[in-house]
Amino acid sequence: MKITLKDGSVKEYESAKSVIDIAFDISEGLARMACAGEVNGEVVDLRTVIEEDCILNILTARDPEGLRVVRHTCSHVLAQAVKTLFPNVKLAIGPAIDTGYYYDFDAAPFSREDLDNIEKEMKKIIKKGDKLEKFTLPRAEAIAFMEEKGEPYKVELIRDLPEDAIISFYQQGDFVDLCAGPHLMSTKGIKAYKLTSSSGAYWRGKSENAMLQRIYGSAFATKEELEAYLQHLEDIKKRDHNKLGREMELFTTVDVIGQGLPLLMPKGVKIIQTLQRWIEDLEDNEWGYVRTKTPLMAKSDLYKISGHWDHYKDGMFVLGDEEKDKEVFALRPMTCPFQYYVYKNSQKSYRDLPIRYGETSTLFRNEDSGEMHGLTRVRQFTISEGHLIVRPDQMVEEFKNCLALAKHCLTTLGVEEDVTYHLSKWDPDNGAKYIGAPEVWEETEQHIRDILTELEIPFVEDVGEAAFYGPKVDINARNVYGKEDTMITIQWDALLAEQFDMYYIDQNGDKVRPYIIHRTSMGCYERTLAWLIEKYAGLFPTWLCPEQVRVLPISEKYLDYANQVEKELKKNGVQVSVDRRSEKIGYKIREARLAKVPYMLVVGEKEEAEGKVSVRSRYLGDEGMKELSVFTDEICKEIRTKEIRKIEVQENK
RNA sequence: GCUUCCUUAGCACAGCAGGUAGUGCACUUCACUCGUAAUGAAGGGGUCGCCGGUUCAAAUCCGGCAGGGAGCUCCA
Numbered sequence: 002m003k004i005t006l007k008d009g010s011v012k013e014y015e016s017a018k019s020v021i022d023i024a025f026d027i028s029e030g031l032a033r034m035a036c037a038g039e040v041n042g043e044v045v046d047l048r049t050v051i052e053e054d055c056i057l058n059i060l061t062a063r064d065p066e067g068l069r070v071v072r073h074t075c076s077h078v079l080a081q082a083v084k085t086l087f088p089n090v091k092l093a094i095g096p097a098i099d100t101g102y103y104y105d106f107d108a109a110p111f112s113r114e115d116l117d118n119i120e121k122e123m124k125k126i127i128k129k130g131d132k133l134e135k136f137t138l139p140r141a142e143a144i145a146f147m148e149e150k151g152e153p154y155k156v157e158l159i160r161d162l163p164e165d166a167i168i169s170f171y172q173q174g175d176f177v178d179l180c181a182g183p184h185l186m187s188t189k190g191i192k193a194y195k196l197t198s199s200s201g202a203y204w205r206g207k208s209e210n211a212m213l214q215r216i217y218g219s220a221f222a223t224k225e226e227l228e229a230y231l232q233h234l235e236d237i238k239k240r241d242h243n244k245l246g247r248e249m250e251l252f253t254t255v256d257v258i259g260q261g262l263p264l265l266m267p268k269g270v271k272i273i274q275t276l277q278r279w280i281e282d283l284e285d286n287e288w289g290y291v292r293t294k295t296p297l298m299a300k301s302d303l304y305k306i307s308g309h310w311d312h313y314k315d316g317m318f319v320l321g322d323e324e325k326d327k328e329v330f331a332l333r334p335m336t337c338p339f340q341y342y343v344y345k346n347s348q349k350s351y352r353d354l355p356i357r358y359g360e361t362s363t364l365f366r367n368e369d370s371g372e373m374h375g376l377t378r379v380r381q382f383t384i385s386e387g388h389l390i391v392r393p394d395q396m397v398e399e400f401k402n403c404l405a406l407a408k409h410c411l412t413t414l415g416v417e418e419d420v421t422y423h424l425s426k427w428d429p430d431n432g433a434k435y436i437g438a439p440e441v442w443e444e445t446e447q448h449i450r451d452i453l454t455e456l457e458i459p460f461v462e463d464v465g466e467a468a469f470y471g472p473k474v475d476i477n478a479r480n481v482y483g484k485e486d487t488m489i490t491i492q493w494d495a496l497l498a499e500q501f502d503m504y505y506i507d508q509n510g511d512k513v514r515p516y517i518i519h520r521t522s523m524g525c526y527e528r529t530l531a532w533l534i535e536k537y538a539g540l541f542p543t544w545l546c547p548e549q550v551r552v553l554p555i556s557e558k559y560l561d562y563a564n565q566v567e568k569e570l571k572k573n574g575v576q577v578s579v580d581r582r583s584e585k586i587g588y589k590i591r592e593a594r595l596a597k598v599p600y601m602l603v604v605g606e607k608e609e610a611e612g613k614v615s616v617r618s619r620y621l622g623d624e625g626m627k628e629l630s631v632f633t634d635e636i637c638k639e640i641r642t643k644e645i646r647k648i649e650v651q652e653n654k
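Taking our numbering, the leading residue of the first sequence gets 2, the next gets one more, and so forth.
Any given hint might turn out to be false.
Simulated pairs of lysine-lysine, BS3-like, Cα-Cα distance not exceeding 30 Å [said to hold, decoys possible]: (1) Lys-647 <-> Lys-238; (2) Lys-426 <-> Lys-345; (3) Lys-613 <-> Lys-627; (4) Lys-268 <-> Lys-512; (5) Lys-124 <-> Lys-349; (6) Lys-536 <-> Lys-607; (7) Lys-401 <-> Lys-345; (8) Lys-512 <-> Lys-345; (9) Lys-124 <-> Lys-84; (10) Lys-434 <-> Lys-300; (11) Lys-585 <-> Lys-268; (12) Lys-408 <-> Lys-294; (13) Lys-125 <-> Lys-192.
Keep in mind that the hints were calculated from the coordinates and are not lab data.
Construct the entire structure; sequences and hints are all you get.
The following block contains the structure:
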């Protein structure tokens, strides 16, 4: 990155990051830090080498770190505005986040009107352009200072810092906030901001704590970027599966049926059926799986052995009362123990392993009432579940194969670029949540880490996200609201075989514990459908479309021919229908497009006479007249190869 | 589970200083038999989410419940 220095010369730095570090070290620029910074190994007063405007550009516009500084400063301005309008509120925390910033207040709930007023107050503060001045206090004085100001949350935060800590504060005008910085030099550096919403949020993220009021806002380097961002938010919400999926009649919900229990409608089922058949055939024919079909419920005894009764009872639907009933059942929240008993049905040799059990299994999880969302978080769902029973020496290879299968599925669906990989680890500080010895956890986590590293898959590590019986790889995707959902999970389980006394006989005739991999190919079908709706805005790849072709006769005179075309395509397994209504062709095309049908076949006098069809596709628009057999071959190939055709025409009407 | 907003016809919405409901699309019927994104006309459809309260009178005000949205928490 090139920086213009005060003497007019241009200096090149290794990376944007190094420049940002430098800029943060400027005290009289727009960032407030120590006066000296390091430039290529030399300690210098940075004010002497970098122009203020230049730093502003670096900080605000072209670097995410800089944008964070702007947003963080904006959160202070927000807090100042709130304090001005509502002097009695108590301040909690106010960090910058990926999309902007928020600030938590102990206050009465804010209305949209309040937010508008706060925004106006922010405008005044920014216009006034107070400097942000940093000062520090020893811990004890800092506590006294915040106690005097009547800010109990700040006091609590400072008390958590080490005894010898020097606490830093930032002040603009008469507003002071506990903060590590960095900040803009002046509130004037904020050019484009907006308060977007408010909601409740627990103090320190713990549901047993008081609920505070959070105000979310966004800020960008320029008004144009802010506008573009807000527009983008609007646009992607049009893809929201929860809206689009209902509009497209893929699913619905009914209040008397209950929360988290969506009804899949014929078109939605068609998509899921297509996915399910694909996954089952793939697993069985190409990846060595065998299929099971096990009960949807079991006696509590089963879950006591698996550990679910102790670790997951709140999440299960329990049928019966332990006090009164002789037998208590529970709907299954997973398939693991059921498939273990399939394994245990007969004694296994080391030669039998690995065994890969697959099941398209319906599961039930009693989610809290506030957790349900469309098709992504439901109480009953169906998953491409499977358990691999393997010898320890086969574990790494099988785990890799599971990753490869998952990757294949993602690639086929065209979503491989949209996922992030997570190594979900246990939490050593919360051992009670997990079974097994710490050494086993550390070891298995290292195995997974090695595998991901070897396969050159970028991943992040999440503490406390493991299953209670083992660490896992979660493959996540973001929904239109930016929240991550797990689409695929592959779990390393060295513990449950013990619980269920599973073994195989090795070369020496000894009983040996197998390892288990819990995994999914494509995760939960409902969630996958939701993901695909949002990914493709309802314009699914042809092979997944519930209606792939609609035949549009010009008038009723050509119905016979339209029926023939339908019959021919049906014979070839194409999802096809005929619009038999006596409407104008323009109207039928409009309706077919709104129904997001990829191929429209217009048939009239010419087509009937020549045995052809006039093809209009969502991909190219008018594709011209084709022999019916040619079109049939083409679409069958597209479906068979699961091609994701590019949409090259945009007809937004 | 917590905070907050919302619920009027299949869908999108209007009506609301309290006097028992409207518009557009959709749907049905009829006419038109049509060449690439909306042919015209007529018609049917809602005890205003449910239960209760205030009132002579409630879609409208109040309370509870259910369902839906956003956020928080949770997600084996």
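Here is how each hint holds up against the structure:
{"no.": "1", "hint": "Lys-647 <-> Lys-238", "in the structure": "22 Å, holds"}
{"no.": "2", "hint": "Lys-426 <-> Lys-345", "in the structure": "29 Å, holds"}
{"no.": "3", "hint": "Lys-613 <-> Lys-627", "in the structure": "5 Å, holds"}
{"no.": "4", "hint": "Lys-268 <-> Lys-512", "in the structure": "50 Å, violated"}
{"no.": "5", "hint": "Lys-124 <-> Lys-349", "in the structure": "73 Å, violated"}
{"no.": "6", "hint": "Lys-536 <-> Lys-607", "in the structure": "39 Å, violated"}
{"no.": "7", "hint": "Lys-401 <-> Lys-345", "in the structure": "25 Å, holds"}
{"no.": "8", "hint": "Lys-512 <-> Lys-345", "in the structure": "13 Å, holds"}
{"no.": "9", "hint": "Lys-124 <-> Lys-84", "in the structure": "14 Å, holds"}
{"no.": "10", "hint": "Lys-434 <-> Lys-300", "in the structure": "23 Å, holds"}
{"no.": "11", "hint": "Lys-585 <-> Lys-268", "in the structure": "26 Å, holds"}
{"no.": "12", "hint": "Lys-408 <-> Lys-294", "in the structure": "25 Å, holds"}
{"no.": "13", "hint": "Lys-125 <-> Lys-192", "in the structure": "13 Å, holds"}
Checked against the numbered hints given earlier, the structure breaks hints 4, 5, 6 and satisfies all the rest.
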